[in-house]
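Participant: Dock chain B against chain A, hints included.
Taken in sequence, the protein lines are chains A and B. In short: position in the first sequence from 1, add 788, done, that's our numbering. In short: position in the second sequence from 1, add 788, done, that's our numbering.
Just so you know, not all the hints are guaranteed correct.
Where chains are identical, the list cannot tell them apart; a pair therefore holds if satisfied intra-copy or between any two copies.
List of simulated lysine-lysine pairs, BS3-like, C-alpha gap at most 27 Å [to be verified]: (1) 879 / 1034; (2) 846 / 908; (3) 913 / 879; (4) 879 / 846; (5) 804 / 965; (6) 820 / 913; (7) 983 / 804; (8) 986 / 846; (9) 1083 / 1167; (10) 846 / 913; (11) 1002 / 820; (12) 1083 / 804; (13) 1083 / 1154; (14) 1034 / 1158; (15) 913 / 1034; (16) 1090 / 1167.
Don't read these hints as lab results, they were simulated from the structure.
Protein chains: 2
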Amino acid sequence: MTTTATLTDTRTFEEKLDLFAQVAVNVGLGLKPGQELVMTAGLETLPLARRITEQAYKAGASLVTTLLTDDAMTLARYEHASTESFDYAAKWLYDGMAAAYASGAARLAIAGGNPELLSKQDPDKVGRANRAVSQAYRPALELITRHAINWTIVAAATPAWAASVFPGEAPDAALAKLWEAIFKASRVDGADPVKAWKEHDANLHTHAARLNEKRYSALRYRGPGTNLELGLADDHLWLGGGGTAKNGYYCVPNIPTEEVFSMPHKDRADGVVTATKPLSHLGTMIEGIQVRFEKGRIVEAKATRGQEVLQKLIDTDAGARHLGEVALVPHSSPIASSGLIFSNTLFDENAASHIAMGQAYISCMKDGDKLTDEEQVAKGLNQSLIHVDWMIGSSELDIDGVTATGTAEPLMRGGEWV
Amino acid sequence: MTTTATLTDTRTFEEKLDLFAQVAVNVGLGLKPGQELVMTAGLETLPLARRITEQAYKAGASLVTTLLTDDAMTLARYEHASTESFDYAAKWLYDGMAAAYASGAARLAIAGGNPELLSKQDPDKVGRANRAVSQAYRPALELITRHAINWTIVAAATPAWAASVFPGEAPDAALAKLWEAIFKASRVDGADPVKAWKEHDANLHTHAARLNEKRYSALRYRGPGTNLELGLADDHLWLGGGGTAKNGYYCVPNIPTEEVFSMPHKDRADGVVTATKPLSHLGTMIEGIQVRFEKGRIVEAKATRGQEVLQKLIDTDAGARHLGEVALVPHSSPIASSGLIFSNTLFDENAASHIAMGQAYISCMKDGDKLTDEEQVAKGLNQSLIHVDWMIGSSELDIDGVTATGTAEPLMRGGEWV
Chain A
789 MTTTATLTDT
799 RTFEEKLDLF
809 AQVAVNVGLG
819 LKPGQELVMT
829 AGLETLPLAR
839 RITEQAYKAG
849 ASLVTTLLTD
859 DAMTLARYEH
869 ASTESFDYAA
879 KWLYDGMAAA
889 YASGAARLAI
899 AGGNPELLSK
909 QDPDKVGRAN
919 RAVSQAYRPA
929 LELITRHAIN
939 WTIVAAATPA
949 WAASVFPGEA
959 PDAALAKLWE
969 AIFKASRVDG
979 ADPVKAWKEH
989 DANLHTHAAR
999 LNEKRYSALR
1009 YRGPGTNLEL
1019 GLADDHLWLG
1029 GGGTAKNGYY
1039 CVPNIPTEEV
1049 FSMPHKDRAD
1059 GVVTATKPLS
1069 HLGTMIEGIQ
1079 VRFEKGRIVE
1089 AKATRGQEVL
1099 QKLIDTDAGA
1109 RHLGEVALVP
1119 HSSPIASSGL
1129 IFSNTLFDEN
1139 AASHIAMGQA
1149 YISCMKDGDK
1159 LTDEEQVAKG
1169 LNQSLIHVDW
1179 MIGSSELDID
1189 GVTATGTAEP
1199 LMRGGEWV
Chain B
789 MTTTATLTDT
799 RTFEEKLDLF
809 AQVAVNVGLG
819 LKPGQELVMT
829 AGLETLPLAR
839 RITEQAYKAG
849 ASLVTTLLTD
859 DAMTLARYEH
869 ASTESFDYAA
879 KWLYDGMAAA
889 YASGAARLAI
899 AGGNPELLSK
909 QDPDKVGRAN
919 RAVSQAYRPA
929 LELITRHAIN
939 WTIVAAATPA
949 WAASVFPGEA
959 PDAALAKLWE
969 AIFKASRVDG
979 ADPVKAWKEH
989 DANLHTHAAR
999 LNEKRYSALR
1009 YRGPGTNLEL
1019 GLADDHLWLG
1029 GGGTAKNGYY
1039 CVPNIPTEEV
1049 FSMPHKDRAD
1059 GVVTATKPLS
1069 HLGTMIEGIQ
1079 VRFEKGRIVE
1089 AKATRGQEVL
1099 QKLIDTDAGA
1109 RHLGEVALVP
1119 HSSPIASSGL
1129 IFSNTLFDEN
1139 AASHIAMGQA
1149 YISCMKDGDK
1159 LTDEEQVAKG
1169 LNQSLIHVDW
1179 MIGSSELDID
1189 GVTATGTAEP
1199 LMRGGEWV
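Isolated chain A (complex conformation):
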């Protein structure tokens, strides 16, 4: 449509950033007047964090508190602090965040950090720090995974991230290109971004509804290096797009989002699966992941790069070796069709079907929050301090849905919905 194209082309970067902040606050977060907002952001995402702050106050926020983090300070710890000290996390701060959520605050995270920040650091320190933070943040994270509050994650381009996505470009050009890719993937390049999000959200709900009608007991994956039967949790629910949090506010928790997702049964995965994209975890790139499952448990894990970090990750706790999420994304999603490897889970997981090791989302189990912990686990819910997505989809992946009676129905062929 000409009008759209004209509008898009004539918008300045500042105007796009402002529209993006509006989408983050009004679509992603669904912030309500009088609501408090807790934001986390790296220093290099400050321009977007400031715009979001402004839009949040315009939307009626009572207070926006932004916890800014600085890569240089993080690296100073790795350079100078003792290994043992990495078992220590700021529990007082994470408990504070949990208290904020419990008292009604919304939560926005800006992603976009340097995907290689910690790649040269001692994996033992990285693992200890991650475990300590995961434990300290658990009470707060539970309020997120239970969807007690409205929350969202958006991304901002940063020089280091841009360099990893566009390695051949000059720094300024790479940064500008990454911003354009983020705006496009986040659907802020059209005439009416908020309307575009409403339509897209409705589509995702339609896909999820169809899968929920089918009530498959398992999914069967076939592709290069992948031959996996993945059982779904009893009373699993497929979700996609936005949803209403328990505080009554509708939010879209990931901007962008292209996935419909559900809960695997923690004890029902068998076979081999190979990652189709690299995973950036705690500042290290893990490439060429291949794992083998037996009765839901990872019994073998390999990576062509970052093997040690992968090993630490699945050794975090017992649940780290089991699955907590399964998600389907068509290979023709706007992010995949950009042809870019973002090396950032928020984007790459929306470019490809994926699975996640670790904690499951209770919202993916019908009436799950009315069950006891024991009942949830008996139906297949996985518990862990971690939740790490990794990409297994490609144009060569076929997926069947397996009904309760054992019939296989084609679901995706060559990475696309059948």
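Facilitator: Structure of chain B alone, referenced to chain A:
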């Protein structure tokens, strides 16, 4: 000493910043290995905050958590949020800080913000926000005022602050001059800053010990616009320089510090006192303060500029109209002899004798922490949500000490110790 001068002159800015960070961590804070550090800093003080982070880890910090604040985000609230929302503060964050202190964390604040940041904002909003933050921060502040933990405040030069101190200079030159003034006032310009601090600290302890021997019941101030008799609290203690916190760690809570200070009796001030320097409070400059006390209470308050903010301040609560601190500083202190008006309490209070409205420091009462609240108040301790210092010293101020039997003894003449 030639060696000193040579060393000083040949140090680069980065070397001086590093020495300053060492003084902040090892003299100011007295950080101990394994101790956590909670730091607050404005974004424009980032270069110093990073150096301090590095020095803290070198000194064995288990974790440094820095709460960075951004002026643009603060101003966005004043521009877009409703007046009522200013009654709201991030209690979850301040409770978290109190929990950190209670669990053994040290506390460092970097001062140096824009002294005029909020001068154009609605004083009603400024007052509401201040009251809300004061209430929310009270549990944490009490751990500071009771000296439960080791803590310190240092300053960093920022462009806005530098412009207000050196209005005639180009921005870069002003910033460089302010940094030099901070380094000098903070005694990091000599050959061995840590040794210089030990000597200076011993001098302050000597002055305080002499005043404690005298046990004056009141001080009498005479100067231009000032005619005040200020009663001291029963069992008051004079303090100066560093002290050992209840966690057992020795710290120097203000860098720089030139004052010896004690606790006034909240109901025993009578007469008129005139400020000799402007007070920057919550981003507004208050100039030409003159107040009249009757039986310890401010019954009249005037200012030639910022009158409304002053009025809000003393209306915060009942204790805001009574005194919580009295401090003596010779007019020849290094900060005063710089001839600069820093418009920053950390510096200006160390350039001149001063008094503070609001909360008293319990450490300024002998065995005060063993008394009940009622007993403390009966001896003259003032309680309030605020503690705001303002400068009354000058080269024209004379101060007498009045003994229990009513004899007046000259203490300071023309702003100098007798």
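Participant: Quick one: residue 879 to residue 1034, C-alpha cut-off 27 Å, is that within a copy, between copies, both, or neither?
Facilitator: For residue 879 and residue 1034, both the intra-copy (25 Å) and inter-copy (22 Å) Cα distances are at most 27 Å.
Participant: Between the shortest in-copy and the shortest cross-copy C-alpha distance, which are at most 27 Å for residue 846 and residue 908: within, between, both, or neither?
Facilitator: Only across copies: residue 846 and residue 908 sit 20 Å apart there, 42 Å inside one copy, limit 27 Å.
Participant: What label fits residue 820 with residue 913 when the C-alpha limit is 27 Å: within, between, both, or neither?
Facilitator: between (40 Å within a copy, 21 Å between copies)
Participant: What label fits residue 1083 with residue 1167 when the C-alpha limit is 27 Å: within, between, both, or neither?
Facilitator: within (14 Å within a copy, 73 Å between copies)
Participant: Have a look at residue 986 and residue 846 and pick one of within, between, both or neither, based on CA distance no larger than 27 Å.
Facilitator: within (21 Å within a copy, 52 Å between copies)
Participant: Can you give me the call for residue 1083 and residue 1154, within, between, both or neither, at a CA distance of at most 27 Å?
Facilitator: For residue 1083 and residue 1154, only the intra-copy Cα distance (23 Å) is at most 27 Å; the inter-copy one is 69 Å.
Participant: Is the C-alpha distance from residue 983 to residue 804 at most 27 Å within one copy, between copies, in both cases, or in neither?
Facilitator: Classified as within: same-chain Cα gap 16 Å, cross-chain 55 Å, threshold 27 Å.
Participant: When Cα atoms must be at most 27 Å apart, do residue 913 and residue 1034 count as within-copy, between-copy, both, or neither?
Facilitator: Answer is neither; intra-copy 37 Å and inter-copy 32 Å both fail.
Participant: Are the CA atoms of residue 879 and residue 846 at most 27 Å apart within a copy, between copies, both, or neither?
Facilitator: Classified as between; 22 Å across copies, 32 Å inside a copy.
Participant: As a check of your reading, is residue 1083 near residue 804 (CA-CA no more than 27 Å) within one copy, between copies, both or neither?
Facilitator: Neither: 48 Å inside a chain and 61 Å across chains, both beyond 27 Å.
Participant: At most 27 Å between C-alpha atoms: does residue 1090 with residue 1167 qualify within a copy, between copies, both, or neither?
Facilitator: neither (29 Å within a copy, 71 Å between copies)
Participant: With identical chains, the pair residue 913 and residue 879 could be close in the same copy or across copies; at 27 Å between alpha carbons, which is it: within, between, both, or neither?
Facilitator: within (18 Å within a copy, 32 Å between copies)
The structure fails hints 11, 12, 15, 16 (numbered hints given earlier, in ascending order).
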